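K.L.:
Chain by chain, the residues:
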Amino acid sequence: MTLRVRGLTIDHGAIRAISNATFNVPRGSITAIIGANGAGKSTLLRTISGLKRATTGSILWDEISLEHLQTEQIVRRGIIHVPEGRSVVTELTVHENLMLGGVWRLRAQKEDVAAAIEEVYQLFPRLNERKKQRADTLSGGERQMLAIGRGLIARPQLLLLDEPSLGLAPLVVEQIFHTLSELQGKTGMTILLVEQNAMSALRIASQGIVLDQGRVVIADNARAIMNDTALRHAYLGY
Amino acid sequence: MLVVRSSHKPSATKRTILALIVGIILFVGSNFIDEYRIFQGAQVAAYLVGIVSIVLLTGYSGQITLGQGAFMAVGSYSAALAVQEFGLPIWITFFIAVLAAALFGAIIGISAGRLSGPYLAGATLAFAVGIPALANAIPILGGEQGLSFDIGYAPGKYADTVSPYKWLFWICALCAIIAVVIAVNITSSGLGRQWRAVRAHETAAALCGINPARSKVMAFTVSSGFAGLAGVSFSATVGLVSPSGFTLALSFLLLTGAILGGISHISGALGGAIIVVIIPTVFESWTEEASLGVATYLPGIIVSALLLLSIALAPEGPSEALHKLRRKH
Amino acid sequence: MNLINTLIAGVSIGAIYSLIAFALILVWRSTRVVNFAQAGQAAFSTYVGLSFEKAFNNFWLALLAAIIAGVLVGAFVEVVIVRFIVKRATSAATVTVAPVIAMLGLLGIFQGVMGLIWGGEYQAYPTAFSRDGLTINGSQIPFSQNDLFVLLTVVAAMSVAALIFQKTSLGLAMRAAAFAPEVTRLSGIRVSRIRTLGWAFAGGAGGLAGVLVAPTTFIAPNSFDLLLVFGFTAAVIGGLDSLIGGVLGGLALGIGLSVVTGYLGGSYTFMTAFVLLIVVLLIRPQGILGARGARRA
Ligand SMILES: Nc1ncnc2c1ncn2[C@@H]1O[C@H](COP(=O)(O)OP(=O)(O)OP(=O)(O)O)[C@@H](O)[C@H]1O
Ligand SMILES: [Mg+2]
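Chains as they are written, first to last, in the working numbering: chain A, 14 to 251; chain B, 4 to 332; chain C, 998 to 1294.
Treat each hint with caution, since some may be false.
What the hints assert, rightly or not - Each computed DSS-like pair below joins lysine-lysine, with the alpha-carbon atoms no more than 25 Å apart: (1) C:K1164 to A:K145; (2) A:K144 to A:K123; (3) A:K145 to A:K123; (4) A:K123 to C:K1164; (5) C:K1164 to A:K144; (6) A:K199 to A:K123.
It should be emphasised that the hints constitute simulated quantities derived from the structure, not laboratory data.
This one's a predicted model, so the numbers in the text were calculated from it and none came from an experiment.
Full structure from sequences and hints, please.
P.N.:
The following block contains the structure:
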């Protein structure tokens, strides 16, 4: 199953954030979406997860069109969005934040939720140490781990990650990307990774999509994009 | 009032001339209208000033007030006290009411100016409930009965020819006309622009050299002065200053008038005042046959429903909504 | 002994303020609206209770009816009116003003409808227990069986609420939705439904508060206006975001007012509450227990 985006156009009032975007995200791999500030990356993810409505175009997941579903219904189809900016509920504890990720799941799956929480603790031992702490006492990197962890509790088939590296030290970024890559290999889930940090993202991705002012300018093999100097100069600035 | 629209801005002199013409029309016109309508006209004039005071504070300065009745009470009680204790002539008490209410507004504004949204709403609400209760508890203010406030008859030889209602109407209308002219001049002056700037974006206004705190206190002071004038006009129509005259219901009614007329322009105040005065009377005559309960409660329900609808459909008032509609087509 | 007497005299009315504060805070957390119509909702629910009381002559049935009416009215208000208004009120000039005014309009409608159905006169509301002060060691204290009932009922209601909030998934979702609606939605929770539930719970708390306070204040369409102001004061003392803060704020307010009334006389009650409200808003705008910097909403 793949995510198919066809002729997608998204507006913020008079501002066109995405125009006529068409691309595929192949199943069981990491796809990086890169582009400058304001290119429309976050808008694209928010539309896939149903927080924002598209003007025209279609989004197909598993041959089901998502563009008219509510966010809650989209979550139930295994599509989990971890939005920009370390979004955790600061008033809840670390453990409660993780539990929140599984609240929607049926009673019968409660055991699996508990197991998923344990797995996240193994993945990010620092969270385990801070279980009972309120999330607003966490460091930026820990919060980002918690935000990703919250997403993993739902056992996503498609994980939408918006700039997980934002504001983090290079070492932490490498660590998180490494973890993501391992996790993807283990679970076989599909990851759509939005990044400013183009090189790090492309390194773990198999496919890259470059957005420029709301248009898909390149959708290609990640390695090919990394090796194309002209392209890098034109769109990635180095 | 319609000339005040922003499309063509008349100068202060033009406004004064216009106000004179309106005044003369009302003066002459009042001779051809029956007494009851004239009394209603006086009520409209009193409410008009009250609504103007809300439009200045909420519409221009962006500070919500649920307690305008309290400022009116302060003005009215000051005026009535001045008559009772010092035997001052009635016309002076109008100025006293304005000054007392403005002073009071300044004091409240200094503390309330730091609040916004629901906090300001709650504080002014408490105020609206508290001032009448306080007045009730202070012996010199006459308790539940309150103080009498009688503007009497027209002076000298006119006392016989000018009916008390007409006299009342003239006084209230004069107050209203003066109030509207001053209010319009304020809103088109630098002060009005400051208020709107602070309302739109406090930080940006501060960066432009406006002191937002001072601007808000100023708005409170000016608005309270208008409320004080509304208070005496209102008390003149009732002939009495008492706690039951300044209930929460009065504050809400004025706010309703301000919203229905259009909170963002002085020009809407007249429409708002007419609505809040006329709707209850329309229902009174309409439901004469029906039960007393319907006549008592239906107007309130209708007015509240209108308020709710106008907030949902045209939050900035009918004229603004029409304006937008026209731009769309 | 005298001071202790004035203190305990304030506890049961303080508990009722706590309930109203709880209702206001619950709604504030879910919708960022101060529900000034709560006074009308509570009175409406109490009238429903009174009708049951008259029909069946059973206090407990009436209490249950009032709470259920409160829940239904709360949910109705959110689904039919609030949702619509909040969606619409986006214009810059009125964005903070519009919800407040909408709630006032709603209050007006409630009070009018109550007047139409039940008339405007003050009506007595019965109690299940004696309102005479208990006698301890031969001396009467200003605390009756009914006061004890009020206090225990509020404590029980709050304990149930605390259990729901702390121990259940629903409670977790409600807390999350209050502070981070978007993350909550992205966690697969229907935030709009959570919001409706918040209004429903708040309505139920208002109905309960109405039945508990009506024997003292009597019931009329606007007889709970003052209660609303006190409840709001309590909520602000606690910081509008904290349920525990609101409950403690209510108790503190009830006891504080009782002390002032005891020493200065009843006419100062309101002024004291008002001064307290202003002082809290100015000196510690985040409330005594509230989170920092949450204020200029
Ligand atoms: N709520 C909004 N209202 C109006 N315009 C918006 C809104 N959100 C985004 N935009 C505009 O849409 C465009 C795309 O924004 P978006 O947030 O999707 O960019 P981005 O690629 O995620 O940028 P960044 O890398 O800085 O996060 C920008 O021009 C932005 O200003
Ligand atoms: Mg972004």
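K.L.:
Give a verdict on every hint.
P.N.:
A quick look at each hint next to the structure:
This hinted pair checks out: C:K1164 and A:K145 have alpha carbons roughly 15 Å apart, not beyond 25 Å. Note on A:K144 and A:K123: the hinted pairing holds, with a Cα-Cα distance of about 19 Å set against a maximum of 25 Å. A distance of roughly 20 Å separates the Cα atoms of A:K145 and A:K123; the hinted pair therefore holds under the 25 Å criterion. The hinted pair formed by A:K123 and C:K1164 meets the criterion: a straight-line CA distance of about 15 Å does not exceed 25 Å.
At roughly 16 Å between alpha-carbon atoms, C:K1164 and A:K144 fall within 25 Å of each other, so this suggested pair holds. This hinted pair checks out: A:K199 and A:K123 have alpha carbons roughly 22 Å apart, not beyond 25 Å.
The structure fails none of the hints (numbered hints given earlier).
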